[in-house]
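S.K.: Sequence:
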Amino acid sequence: MKRILSYILIMMLVVSFAGCGRGSAGDQKIKLVDSRGVEVSLDAAPRSIVSLSPANTEILYALGVGEQIVAVSEYCNYPEEALSKQQIPTGEKLNVETLVALDPDVVFLSKMNAMEDQITQLEQAGIKAIVTEANTLNETYEMIKLIGQAVGKAGEADKLVSSMQESFASLKEKVRDRAPKSVYIEVSPLQYGLWSCGRETFVQELLDIIGAKNVFEDVTGWSAVSEEQVIERNPDVIVTTLSPLTGIEDPVGEIMGRSNWSEITAVKEGRVYMLDADMLSRPGPRLVDAAEELMQITE
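Counting along the sequence shown from 1, when you hit position 126 you're at 126 in UniProt numbering, and nothing is skipped either side.
Careful, some of the hints might be misleading.
Derived DSBU-like pairs: lysine-lysine, alpha-carbon spacing no greater than 30 Å straight-line [to be verified]: (1) Lys159 - Lys145; (2) Lys181 - Lys145; (3) Lys111 - Lys29; (4) Lys268 - Lys172; (5) Lys93 - Lys159; (6) Lys111 - Lys174.
Just so you know, the hints here were simulated from the structure itself, not pulled from any lab data.
All values reported here derive from a predicted model rather than from experimental measurement.
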């Protein structure tokens with residue numbers, strides 16, 4: 001009799017777990033730890049989402065939950081469908097009352113624009129806040145998986161990450177026998193103080209993948225650099241990711257016309273290029289597109 005009862009109990013557990021496996025992701029409770037190290041619990045996959053980070057917005061659309069997004073930040077401009085969503089100012093301009101009135105199940109923010117007092121107000125109103133951050137490719141993959149877990153699309157997130165990794169592996173194979181070009185990535189122009197990027201950034205990793213040498217690979221993160229350093233390091237290729245918000249109408253022409261830069265190889269050979277700043281600076285699936293463009297530029 002004891003054996004029979006034990007067998008019945010085991011079978012009940014098996015059926016119970018099997019039932020959970022077949023159930024909709026939206027019916028299951030979700031627990032995760034965001035980039036702050038804070039545990040966030042959701043009763044079910046969210047049906048109403050606000051994304052206040054362009055990178056998060058791109059990932060959410062890539063995971064197929066664009067229809068659940070009710071509002072985005074004023075900087076969320078991709079994909080095109082995001083432009084039709086209600087726009088909400090971020091940072092100090094964020095009106096928490098406006099956000100609460102939308103009654104979203106969850107709000108996605110980046111560490112860059114996440115203000116603790118605003119998050120506290122959201123949580124006091126019963127709205128879940130998930131904060132993300134990614135500086136490297138591995139952190140980007142983890143961020144995609146985190147968002148996928150939060151919206152009940154863990155499987156889709158895994159597939160997206162695998163697709164990115166396969167694309168990067170393919171690009172790396174294509175350039176295996178190519179002589180490396182030295183590259184200077186300019187993310188802030190001379191008039192605002194030159195900035196570039198180095199190790200511990202996904203941009204450095206993209207350059208490694210396409211077989212290019214970053215002239216500032218010895219610096220860490222996103223960093224201020226000097227005009228003298230750029231001239232001394234004499235890059236073969238210059239890539240500017242300058243935003244139109246700076247007011248510079250012709251970023252490539254501005255670099256080509258710098259008085260002290262005429263002897264830089266990239267300037268002498270006319271190898272100064274403009275690359276979509278959003279594509280290269282947002283951790284997400286479009287980093288593959290950025291790598292492909294960098295590969296073409298540095299041929």
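S.K.: Could you run down the list of hints and mark each one as holding or not?
M.R.: Verification of the supplied hints:
1. Proximity of Lys159 to Lys145 is assessed by CA-CA distance (about 10 Å); at most 30 Å being required, the pair is judged to hold.
2. Distance restraint check for Lys181 and Lys145: the Cα-Cα separation of roughly 34 Å exceeds the 30 Å cut-off, and the hinted pair is therefore not satisfied.
3. Proximity of Lys111 to Lys29 is assessed by CA-CA distance (about 25 Å); at most 30 Å being required, the pair is judged to hold.
4. Among the hinted pairs, Lys268 with Lys172 is consistent with the structure: their alpha-carbon atoms are about 28 Å apart, no more than 30 Å.
5. With a C-alpha separation of about 36 Å, the suggested pair Lys93 and Lys159 falls outside the 30 Å cut-off, and the hint is violated.
6. A hinted pair counts as satisfied when its Cα atoms are at most 30 Å apart, and Lys111 with Lys174 does not qualify at roughly 35 Å.
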